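S.K.: Listed below, chain by chain, are the residues.
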Amino acid sequence: MRKIQVLTVLLGVFLMMAPLPARSDSKIHSGKTVAEANPPEEVERPIPNLFITPPPLSEGIFPCSDCHADQKTNPNRRELTEFHENIKLINHAEKQRWCLDCHNPDDRDYLRLASGKLVTFEESYYLCGQCHGTIFRDWKAGVHGKRTGEWNGKKVYRLCVQCHNPHNPRFKPITPKPPPIKPADIK
Amino acid sequence: MKEPKISPPREHKVARRSFLKGAALGSVALALPSRDADASIWDAFFQKHFREMNDKELKKVLKRLEQEYAEKYGVDIDISANKPLSGVLFGYGLDLSRCIGCRRCVYACVGENNQSRDPQIQWITVLRFKKGDKWVNDLENADKYYNPDKVPEEGYFYMPTQCQQCENPPCVSACPTQATWKEDDGIIVVDYNWCIGCRYCMAACPYGARHFNWTGPGIPKDEINTKTHYLGNRPRYHGIVEKCTFCIQRTRNTPGRYPACVEICPVGARKFGNMLDPKSEIRYCIENKRIFRLKEDLNTYPKFFYFFAT
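Order-wise, the sequence lines are chains A and B.
For the first sequence, our numbering gives the first residue as 1, with consecutive numbering after it.
For the second sequence, our numbering gives the first residue as 1001, with consecutive numbering after it.
Looking at chain B on its own, in the form it has when it is part of the complex (with noise of 0.2 Å):
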């Protein structure tokens, strides 16, 4: 009869599991800042998600990202996190038929949402058409480099784009880390400390209206707007993705102002306001206007209609 091998007993003896277990929290703790660490590093790795902070929490992460601009942009920045108003649903109206293609849209967007001048991003494009050739479906081939003297221009219509809120909006439903989604006053909203600039979002719009940052956004100090929403035009990170919110900061109020393109535009050719107010601007453009959506194809139903007025 053979004996049973028994090994010689060790000194040392480290379970296989057990060795593992240290190993992964070992690991962890050198990927993790180390309690010595700036506080807000350890902070900023473990902030929840914009839609599961309560108040307090939301509070404490606001002030300090306001801690953390005032040390990057040596400006005081304001950040709100106003939320929706009830009973509001924001629809957008443009008429073709006064847009004269100035520009004076994208560059009032670009001062007040803080969008980086160097490298350049702009949440609005202006597309310049020829007119009588067949161009609603034939986006692409659209000029928007156009540069002349003077604008109108004999023979040319145009068409200014953005974000267009979609109420079934394909880039919240691409977007695998729910980084952006769509609020109850219809705003489609990035959390940019969510945004991991995977840019499955731009791949889904059908639009063209999100934009990715190759670097931290380039803004000369004194033109930050210090007025801010967390949501909406505070600086954005590089390697994320940003998009019109319809001037969050400064609609979300009550009273509430223009989105600055509206603003801004001297023909008066951009309209905003409340779709489930009956008396309001953009209802009496919806009811009384011939309006269109753009690529209404794709059920995406924007809350973004052109029309041409009388």
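So that you can see chain A by itself, here it is in the shape it has in the complex (with noise of 0.2 Å):
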């Protein structure tokens, strides 16, 4: 009698299991495959055939090989005291990248996504968007940022570089234009 009970509870421990596993192998076969899951962006909304305004190089500074090219490369981070001495990463995860995150080490001409891929400096949003990618997705879409051009026709769209400084990104305040003036002060 007392085996039949172990074994009514058991079998009833083991029907409460068994859907769990069963629920998600339905979910794997009828799911999408890891390519549907993740389809490449440009599928989805394409880099428009835009104008984009070319990328604010200090002039006298690019191309970089003109210095870099005989440079043997430094991984380590420390503090530029050399040269670059400007360049300060701040409020823009300084403590998780350095220099070599962004830029190629092998060929200073180019940038560097994480997969490896180099892209050019006029390409920088692909750059950008690894991380900020709801902002390169409204980017794409023409909301974010300073839009100027044609409503219908050709538009400009500006690098992320442009507006913020890719090592201090955060927009500075600037000063406001005058206010109305007050019904009480029409003379």
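Because the hints were derived from the structure by calculation, they are not lab data.
Since this is a predicted model, take the numbers as computed values, not measurements.
Accuracy of the hints is not assured; some may be wrong.
To be verified - Straight line, CA to CA, 27 Å or less: simulated DSSO-like cross-link-like pairs of lysine-lysine:
id, chain 1, residue 1, chain 2, residue 2
1, B, Lys-1144, A, Lys-146
2, B, Lys-1072, B, Lys-1060
3, A, Lys-172, B, Lys-1131
4, B, Lys-1083, A, Lys-182
5, B, Lys-1130, A, Lys-172
6, B, Lys-1150, A, Lys-177
7, B, Lys-1279, A, Lys-155
8, B, Lys-1279, A, Lys-154
9, B, Lys-1134, B, Lys-1144
10, A, Lys-88, B, Lys-1150
11, A, Lys-72, A, Lys-95
12, A, Lys-172, B, Lys-1072
13, A, Lys-154, A, Lys-88
14, B, Lys-1048, B, Lys-1083
15, A, Lys-177, B, Lys-1221
16, B, Lys-1182, B, Lys-1056
17, A, Lys-154, B, Lys-1289
18, B, Lys-1289, A, Lys-172
19, A, Lys-182, B, Lys-1144
20, B, Lys-1227, B, Lys-1063
21, B, Lys-1295, B, Lys-1144
22, B, Lys-1227, A, Lys-154
23, A, Lys-95, A, Lys-172
24, A, Lys-177, B, Lys-1227
25, B, Lys-1131, A, Lys-182
26, B, Lys-1144, A, Lys-177
27, A, Lys-182, B, Lys-1221
28, B, Lys-1227, A, Lys-146
29, A, Lys-146, A, Lys-172
30, B, Lys-1060, B, Lys-1227
Work from the hints to combine the two standalone chains into their complex.
M.R.: Structural data, given as structure tokens:
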């Protein structure tokens, strides 16, 4: 008698547990494949054929290979003292990142994505888009950032770095234009 | 038997009716400019409503107005009268999480649309709100005279307002002369030559978007924008009402430029486009952002959408 009771309890426990793997199994079979779940961005909303303004490179700095070609790359994190002293990472994940996370160590004329793919300075939005995915999505749709040109024609898109300093991206406060005249001050 | 009384015949008998007729005609002739007066005064007096003019009449009116403006302001002002583009319904988006309250838009609008500098008329008002306050129903208590050294200020956010281009505009139904109406592309326009300045539309507008000209516009000659539209930014007259037209003189072209306020915004908070085009920027905002409209409870259905982007 007791054996039967134990068996029924065990059966009950087994039945309760059984649907769990069964459900997740069906999910795998009926769900999307890995490729479907993460379609490449280009399929969803391609980078539109835009007129993108050139990157605001400091004069006399580019191409970087002019100086860096015959220099040995020092991969260590350090305070820059000899050159680029004015570049400081401020409020831009400075603890997690370092120059060579974005700048390609082997050929400095390119930027480097996390995947190892090289991109030019003109395409730096790919680099920014790695972390700022939602902003990148909006930017491609023409919703993030300053927009000029024609609403039904050619639009001018700006690179992220045209408005945000990549090393210190927060938008700097600016002086407002004067307020309207108060009714009491009208002569 | 009494003889009937016969009044003696008068030498110059004038019937009462014909006397009144003559008097009425005479007073009209006095009020109207005489044939010798400047022909343009005569033409202006009998100018038709904008929507009733045919192309030939419109051309004549535009030519006359250009001549008048050239005499008054000493610059050649080009007045177009482009019709709405077919399949276009304009919509406007404003990202409140980006606006920094710098008022660049206000002054770009004043310059583009020939608003009076003195006395001051501005079509855009930037309101400042304290973060965390109950505010959506309390627009009247917002501060529009804020003047700090730098914006944005800590603890505040900003909301620019202008004409909301309502789908169901109270100003239009209030106008007794039909001098203001909604065009097919959704823009509410004013025929400044038909406006009688009664300001009923100003009383009807829940957004404070209409402005009255207490005098003629005071614009320095070298600051006049000479590319104008009949229903848009041509210089207005003394005693009439004016408003934002989504820069009708820029946007009603193919290709059409963005309104001046969109173009100037340094943070890109302003969005503009055709709501009937599923690929337009404004449609993306409406479909993907948490949008709201001002004073929705009034059923005015503004085509001006506010949102907070990610």
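S.K.: Taking the earlier hints as the rules, which of them does this structure contradict?
M.R.: The structure conflicts with hints 4, 12, 13, although it agrees with all the remaining ones.
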